[in-house]
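Please take these sequences and the hints and turn them into a complete structure.
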Amino acid sequence: MLTELFRNSHQFVKNNNFKYKRYFIKHENLEHRLSIILGARGIGKSVTIAQYMSKYTGTNKALYISLDDIFNLNLSIYEIAEEFELQGGKLLCLDEIHKYDRWSMELKKIYDNLPTLQVVASGSSALEIHKGSHDLSRRAIVYKMVGMSFREFLGLYHKFDFEKLFFNDMLKNHLNIADSIVDKLKLNEQKILPLFKDYLKFGYYPYFKSMPNEALYFKTLKQNINTTIESDLLNIFPSLNGKSIKKIKLLLSIISESVPFTPTLKKLKEAIDIQDDRTLKEYLYRLDDAGLIKLLMKSSLSFKNLDKPEKIYLENTNLMFTKEPNIGAIRETFFLNQLSNYYDIKDSFDTKGVYASKQGDFLVDDKYLFEIGGKNKSFKQVKDMPNSYVVADDIEVGFGNKIPLWLFGFLY
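Okay, so the sequence shown: first residue is 1 according to our numbering, each after it adds one.
FYI, nobody ran anything at the bench for these hints, they're computed from the structure.
It is possible that part of the hints are untrue.
Pair ranges (Cβ atoms, derived) [said to hold, decoys possible]:
no.: 1; residue 1: Asn168; residue 2: Ser54; range: 34 to 44 Å
no.: 2; residue 1: Ser76; residue 2: Ser54; range: 25 to 35 Å
no.: 3; residue 1: Asp161; residue 2: Lys249; range: 34 to 44 Å
no.: 4; residue 1: Glu79; residue 2: Tyr56; range: 15 to 25 Å
no.: 5; residue 1: Thr262; residue 2: Asp161; range: 38 to 48 Å
no.: 6; residue 1: Gly328; residue 2: Asp69; range: 36 to 46 Å
Straight-line Cα separation of at most 16 Å, EDC-like style, residue types lysine to aspartate or glutamate; simulated pairs [as the list claims (entries may be wrong)]:
no.: 7; residue 1: Lys222; residue 2: Glu324
no.: 8; residue 1: Lys308; residue 2: Asp288
no.: 9; residue 1: Lys352; residue 2: Asp365
no.: 10; residue 1: Lys247; residue 2: Glu230
no.: 11; residue 1: Lys249; residue 2: Glu270
no.: 12; residue 1: Lys144; residue 2: Asp288
no.: 13; residue 1: Lys249; residue 2: Asp273
no.: 14; residue 1: Lys201; residue 2: Glu214
no.: 15; residue 1: Lys304; residue 2: Asp344
no.: 16; residue 1: Lys61; residue 2: Glu85
no.: 17; residue 1: Lys266; residue 2: Asp277
no.: 18; residue 1: Lys55; residue 2: Glu31
no.: 19; residue 1: Lys323; residue 2: Glu214
no.: 20; residue 1: Lys249; residue 2: Glu230
no.: 21; residue 1: Lys109; residue 2: Glu85
no.: 22; residue 1: Lys197; residue 2: Asp394
no.: 23; residue 1: Lys159; residue 2: Glu189
no.: 24; residue 1: Lys247; residue 2: Glu270
no.: 25; residue 1: Lys377; residue 2: Glu396
no.: 26; residue 1: Lys197; residue 2: Glu324
no.: 27; residue 1: Lys249; residue 2: Asp288
no.: 28; residue 1: Lys184; residue 2: Glu396
no.: 29; residue 1: Lys61; residue 2: Glu82
no.: 30; residue 1: Lys311; residue 2: Glu257
no.: 31; residue 1: Lys281; residue 2: Glu310
no.: 32; residue 1: Lys281; residue 2: Asp307
no.: 33; residue 1: Lys219; residue 2: Glu324
no.: 34; residue 1: Lys266; residue 2: Glu282
no.: 35; residue 1: Lys247; residue 2: Asp277
no.: 36; residue 1: Lys99; residue 2: Glu230
no.: 37; residue 1: Lys358; residue 2: Asp384
no.: 38; residue 1: Lys209; residue 2: Asp198
no.: 39; residue 1: Lys109; residue 2: Glu82
no.: 40; residue 1: Lys246; residue 2: Asp273
Note that the Cβ used here is the ideal one computed from N, Cα and C, for glycine as well.
Rendered as structure tokens:
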């Protein structure tokens, strides 16, 4: 039963064990008996699994199975795991678990009955582990994986090895930090601002590196958006149907036309032909969970699935280039994306994060106020406000409380 699976597994590791390792494989510990990696399509979950499996290269102690493979959908994962362990297997990696109806039941069974087998699984960022048919919250360690930071983009494409920054250190020492980064790039005849423009357009999803041109990348990006909505969400939430999926796609299209989008619930309900606020908020929540939009909430007391967002952004700047983007929206989207990812990775139990502000564009940690703009952006809007900063695009190095926008791409 395992011969063909082993052959496919070895080929998978060979094809995906790339030299460059992202933050996840460097800093996360996957040694627990059951680890689950959740993230949006295209951010590199499968490559991360291949890199982790590579420690068993040349042996049959690690096995990879993609549950996205139609052939594998008819197989019992538990039966494969049981046979694999009997043959001395140590590490079972399951990709796209949301495509397998019995994923939670069989992962629980593997965990309870096969104690010597380690399992690493991956799935859509919209997957709700605690709401599966069998609750895995007491058994699995769940990790959220996000798209590439600007720092990682410089590492993958230009071989620069910069250390990630801590948020508070960056605020205090941004001038010296930015100076040293800019100087290192100049020694290699590179400039930070053109590289940053590249990142904003095609640097968030690492698979751009395998694309022959930008046009094909954006075509693939559109296909991933459709697959996320039409396939992943349908697999995860059986209550959704073809009609509701069409409405979710229409909702995303409306948001995309005018980001950052300030929602009026009544108009949105009319536009996609639904009757109640609850359904609309659920659709927005699903799009946010799936890694397609970012809901900017009023405060840390707000709940994304219950409360009205203050603004709605696309999840990252690359998604914006499937149409003609607005530069102001690009700047705000980048800031929100990188800070939100920073806090998601930290996985702290407090409510720190990025929220809306009446005085500026964003309030961070319920303390720091940020106004986003171009190089000539003034402090007028946040004048005399404590802990306020201007984040400016098109500058290499800042001064005082004016920080270059690109530097926020070094937080993870």
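Discussion item. Given the hinted pair Lys266 and Glu282, is their Cα-Cα distance within 16 Å?
Written reply: Given that 16 Å is the threshold and the Cα spacing comes to 15 Å, the pair holds.
Discussion item. Please verify whether Lys249 and Asp288 have alpha carbons no more than 16 Å apart.
Written reply: 13 Å, holds
Practice prompt. Decide if the proposed pair is consistent with the structure: Lys201 and Glu214, CA atoms, cutoff 16 Å inclusive.
Written response: The given pair, whose Cα atoms are some 9 Å apart, holds under the 16 Å limit.
Discussion item. Check the hint pairing Lys61 with Glu85 against an upper bound of 16 Å on the C-alpha distance.
Written reply: It holds: about 9 Å lies between the C-alpha atoms, which stays within 16 Å.
Discussion item. Check the hint pairing Lys209 with Asp198 against an upper bound of 16 Å on the C-alpha distance.
Written reply: 12 Å, holds
Discussion item. Holds or violated: Lys266 and Asp277, Cα atoms, limit 16 Å.
Written reply: 8 Å, holds
Practice prompt. For the pair supplied as a hint, Lys99 and Glu230, confirm whether the alpha-carbon distance does not exceed 16 Å.
Written response: 12 Å, holds
Discussion item. Is 36 to 46 Å respected by the C-beta to C-beta distance linking Gly328 and Asp69?
Written reply: 43 Å, holds
Worksheet item: Within 16 Å, alpha carbon to alpha carbon, are Lys352 and Asp365?
Response: Holds: Lys352 and Asp365 sit about 5 Å apart, inside 16 Å.
Discussion item. Lys281 and Asp307 were given as a pair; does the straight-line alpha-carbon distance stay at or below 16 Å?
Written reply: 7 Å, holds
Practice prompt. Go ahead and decide if the range 25 to 35 Å is satisfied by the Cβ distance of Ser76 to Ser54.
Written response: At roughly 27 Å between Cβ atoms, Ser54 and Ser76 fall inside 25 to 35 Å, so the hint holds.
Worksheet item: Hey, Lys109 versus Glu82, does the alpha-carbon distance stay inside 16 Å?
Response: 10 Å, holds
In this structure, none of the earlier numbered hints is contradicted; all agree with it.
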